[in-house]
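K.L.:
Here the protein sequences line up with chains A and B, keeping their order. If you read the first sequence in our numbering, its first letter stands for residue 1, the second for the next number, and so on. If you read the second sequence in our numbering, its first letter stands for residue 1, the second for the next number, and so on.
Among the hints, a few may not be true.
[As the list claims (entries may be wrong)] Calculated cross-link-like contacts (lysine-lysine; reagent style BS3-like; alpha-carbon spacing at most 30 Å):
1. K43(A) to K77(B)
2. K46(A) to K77(B)
3. K38(B) to K43(A)
4. K46(A) to K38(B)
5. K184(A) to K43(A)
[As the list claims (entries may be wrong)] Over the 10 Å line for every Cβ pair with chain B, so calculated as not near, a few chain A residues:
6. S137
7. L177
8. P191
9. E201
10. H234
Simulated from the structure, these hints should not be mistaken for laboratory data. Heads up, the beta-carbon is just placed ideally off N, CA and C, and yes, glycines get one too.
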Amino acid sequence: MVMGAMAVIGWGVVGLLMLMSSVLTAEAKASGEDWTPYPRLRKEVKGRSLVRIIPVGTTASTVLLYPSSFGRDPTVTPVTLPVTAEGAAVMVHNGIGNYHWIAVTEEQEERALTLATVHHFGMPGPAPSVMLAQPKSRLEIIPEPLPREFSTYRAQERWVFRVRLDQRDLPHHPVTLLAPHHPKQNLSTDPDGRVQVTLPEFPQAALQQPAPGARPRRPVQPFQLAVEAHVGPHHLITVFQHEYAPPPMTNRHPLLGWGVTGLGMVAGLQLWRGRKEQQS
Amino acid sequence: MNPIRIWTLSRVRFWVQLLFFVVTVYGGIVVGPYAADKITTALPALSCTYDRQNSAWCVLRPFQHQTSHQIGDGLAKTGTLSWELVRPLGWSLVIFMGFFLVLNKGFCGWVCPLGAFQEFLYGVGRRFHLISRRVPESWLGRLRAVKWVMLLGVVFGLPLLAGLGWLPGAASEAWCRICPSRILTTLLTADAEQMALAMGDHGDILLGVIGNGLFGFMLTAAFVVRQPFCRICPMLALHAIFRRLAPLRLVKHPSPRCGKCRNCHAACPMEIPEVALPDPQQVFHDDCTLCGRCVEFCPADRVLHLRWGPVTLYRSSAARFRVRSRLELADGSQRRLHSSL
Numbered sequence: 001m002v003m004g005a006m007a008v009i010g011w012g013v014v015g016l017l018m019l020m021s022s023v024l025t026a027e028a029k030a031s032g033e034d035w036t037p038y039p040r041l042r043k044e045v046k047g048r049s050l051v052r053i054i055p056v057g058t059t060a061s062t063v064l065l066y067p068s069s070f071g072r073d074p075t076v077t078p079v080t081l082p083v084t085a086e087g088a089a090v091m092v093h094n095g096i097g098n099y100h101w102i103a104v105t106e107e108q109e110e111r112a113l114t115l116a117t118v119h120h121f122g123m124p125g126p127a128p129s130v131m132l133a134q135p136k137s138r139l140e141i142i143p144e145p146l147p148r149e150f151s152t153y154r155a156q157e158r159w160v161f162r163v164r165l166d167q168r169d170l171p172h173h174p175v176t177l178l179a180p181h182h183p184k185q186n187l188s189t190d191p192d193g194r195v196q197v198t199l200p201e202f203p204q205a206a207l208q209q210p211a212p213g214a215r216p217r218r219p220v221q222p223f224q225l226a227v228e229a230h231v232g233p234h235h236l237i238t239v240f241q242h243e244y245a246p247p248p249m250t251n252r253h254p255l256l257g258w259g260v261t262g263l264g265m266v267a268g269l270q271l272w273r274g275r276k277e278q279q280s
Numbered sequence: 001m002n003p004i005r006i007w008t009l010s011r012v013r014f015w016v017q018l019l020f021f022v023v024t025v026y027g028g029i030v031v032g033p034y035a036a037d038k039i040t041t042a043l044p045a046l047s048c049t050y051d052r053q054n055s056a057w058c059v060l061r062p063f064q065h066q067t068s069h070q071i072g073d074g075l076a077k078t079g080t081l082s083w084e085l086v087r088p089l090g091w092s093l094v095i096f097m098g099f100f101l102v103l104n105k106g107f108c109g110w111v112c113p114l115g116a117f118q119e120f121l122y123g124v125g126r127r128f129h130l131i132s133r134r135v136p137e138s139w140l141g142r143l144r145a146v147k148w149v150m151l152l153g154v155v156f157g158l159p160l161l162a163g164l165g166w167l168p169g170a171a172s173e174a175w176c177r178i179c180p181s182r183i184l185t186t187l188l189t190a191d192a193e194q195m196a197l198a199m200g201d202h203g204d205i206l207l208g209v210i211g212n213g214l215f216g217f218m219l220t221a222a223f224v225v226r227q228p229f230c231r232i233c234p235m236l237a238l239h240a241i242f243r244r245l246a247p248l249r250l251v252k253h254p255s256p257r258c259g260k261c262r263n264c265h266a267a268c269p270m271e272i273p274e275v276a277l278p279d280p281q282q283v284f285h286d287d288c289t290l291c292g293r294c295v296e297f298c299p300a301d302r303v304l305h306l307r308w309g310p311v312t313l314y315r316s317s318a319a320r321f322r323v324r325s326r327l328e329l330a331d332g333s334q335r336r337l338h339s340s341l
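In isolation and in its complexed conformation, chain B is listed as follows:
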């Protein structure tokens, strides 16, 4: 067997994603009850907290609860914002940062089960030669803004308003109500409860319709669009805020060819045009998930690097590119039916 086929970065990442997918969705079967406490408490978002068998800890849930029940309620009662009200939120952030400092945005590209699921679907789409749609660059600005709206508006804003009593109680965990991971991970453990529409008050129904609709859309869109949900995920925005603080990052030493072949842009699952620009400051973008595909598909030596602090983990190479592009095109299309995903 050709060793290159086994050891391409994408192939390694595929197995890492698969491993984390199994651990986060079915880990409870292996480690028994309390999987969250045993393996995943320190991880920012793994199997959804709604998953009754394997439930883990997703930082977005305490963010909402603390914003609503602690800060919103406290503000409504006392009228002042004190350190006591904000402190639990700070602790949740500290726990998130503990893991973040190791992986940075690599969480999205290597660990997140929802991200992996969408990539698997896109891979299936390539196998069956479905159309591949790219988001027009003229839309990118508006689309990129959505993840910030999700983080600031849905994860923090709506729960705060619910805590203050200005919105129905369902808004106190508005993000969880619309997050596709809640439906996906529970369905994968043969629990259809989250798929059923909550029929409480108007807020319940509205958020349920948005959540189920978004999940359905993601399921079919992911065959032809890369990472459709990741583009608007608040976790992407949360990671983007702190991305300069963690040692793992994408680094560019531009060559005169940069911006010409645009292979890196074509390879990027998040379709970030800035990665092809000669400006090294823009390469590690808000939307980057540190998947490393741009590095793999860069045809020049030592231009793009995946680095953890001073250590280069992987760098672009003309020789690797030649072998890699024999198996797959930069946009994910397969050259041969049995080549890697």
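Only chain A is shown next, with the shape it has when bound in the complex:
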């Protein structure tokens, strides 16, 4: 009898634990915490010339910074920055702004993982095309192009990325798109090694109105583009991470915009009146 009761309680506890586990997993999925099997980079902007990069899920102890003038100025080389408990402090290089490439590399025996992102420092600097084209790892994902300073990737937009292995384009190769609240998408590069990526819909849960009086901030969600390749005994993994914003017309009213413009035009048309009198 006692044994039977203990068995019931035992199974009950197990069941409860399983239930809790499934609830927690569902919550994690809903909040998008487990959206990627790869490590992630968390970015905290600390000012106009400083950003803190916090690698998550990796043991990497350094961050590599490729300044915007990398490849243009032969004296500019990648900068190695230590990762502390607060992450790595990445500063604009020599006061020359624009996009900087930030990468974390993790090597375990034959497996090499490169996790990269870009950050735009809001000061003038050279166009990032040369910096992007420079080889930075064996397996690479290169954005072609990056969004402009005041812009970003946006939901349902199509963007092109180039995939290279040992500086050669990688045709017909699988690429994975990962984003919170979305199943992973399997894509493939074309014969030129380019992959066209249509960013997924922006999750409604992430659309938040700013608090009254607060500065309007564009809601963003992270995404990753991942590619893997086996070269001999080496397993190469490269992940490019960035963020994307809601589609263009979110929180906008086209008809009202045209209507108000029309009213302005009507007001301007009042100046056309009296044509004949004045011309005579």
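Based on these hints, arrange chain B on the given structure of chain A.
P.N.:
Chain B alone, transformed into the frame defined by chain A:
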């Protein structure tokens, strides 16, 4: 073909304006992505930063951001104004000055795509013989003050108050929200996003209504009024502050006829009456855009000069005036249907 028709200053300026219009609005098609970094970072205001394909750098946007996010935020947090807070604003000004020293206010008259667009519309109005309205001289004083209100109040004042937390966040880029260039240049690249009214908080809606209304007004008013928006543009005020520092300028050696024919005043797209006065100190006015029309339409030899430092680039001449006025009247009206704009 009559060579005079090709080489009038207005004709040269028309082609320069057209070239810059194409470069600034569609330059990205030619030079590829990152057009701003490649060709326009040093220019004070070209294709709007909201233009996603060809976006460039407009000094007014960093002015607002730095005033709001740097100075306003910093003041709110520390209560003191330090060099560190002001320095980025200073750098933006230095970049602006780099280009300004070459062109001075000629930016407005030769480069600005919004200014060119308004001139094209006015030219269309002349072709169709629409009425031409001039701003009454009694209004000029008040109208001229508006550009300073725009610069000090809208470009710097409102963003500062937003940074301090006293105004809604939309005010942190109040000027961009009402600038017609934002709507025009994006529409010209088939992007209607900026035309749609932002429906965030009250600040968003209010600034959106003002911006769209102003854009609509400019579109129709420009057919009958010369440069309606340029009169209140903060860029005009910004250039006016430093206009004595740059070598390009308008110079007058008055003649006894000055102030009598007033052809130069009639030719001026900004309708500056001071240009007709005999006083040479007043000729290079706050509102002058260095377009050179007054020089072209001056009927006297060597009275008005466009000069870059000691070098005279163009000067008035009775012979040129006679030929020029055969094609067009000083107020922009066409003498012949196929004459120059």
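K.L.:
Next step is simple, just say for each hint if it's right about the structure.
P.N.:
Verification of the hints:
With a CA separation close to 23 Å, the supplied pair K43(A) and K77(B) stays within the 30 Å bound. Taken as a hint, the K46(A) and K77(B) pair is honoured in the structure, with Cα atoms around 15 Å apart against an allowance of 30 Å. Among the hinted pairs, K38(B) with K43(A) is consistent with the structure: their alpha-carbon atoms are about 28 Å apart, no more than 30 Å. Restraint check for K46(A) and K38(B): the C-alpha separation of about 28 Å stays at or below 30 Å, so the hint holds.
Simply put, K184(A) and K43(A) have alpha-carbon atoms about 23 Å apart, close enough for the 30 Å limit, and the pair holds. Its beta-carbon lying about 23 Å from the closest one in chain B, S137(A) satisfies the requirement of being farther than 10 Å from that chain. With a closest Cβ-Cβ approach of about 21 Å to chain B, L177(A) is found to remain outside the 10 Å limit, as its non-interface label requires. Every CB of chain B is more than 10 Å from the CB of P191(A) (nearest about 22 Å), matching its label as outside the interface.
Chain B leaves E201(A) outside its interface by the beta-carbon criterion, the shortest separation being 17 Å against a cut-off of 10 Å. The claim that H234(A) lies off the interface holds: its Cβ sits roughly 33 Å from the closest Cβ of chain B, which is beyond the 10 Å cut-off.
Checked against the numbered hints given earlier, this structure breaks none of them.
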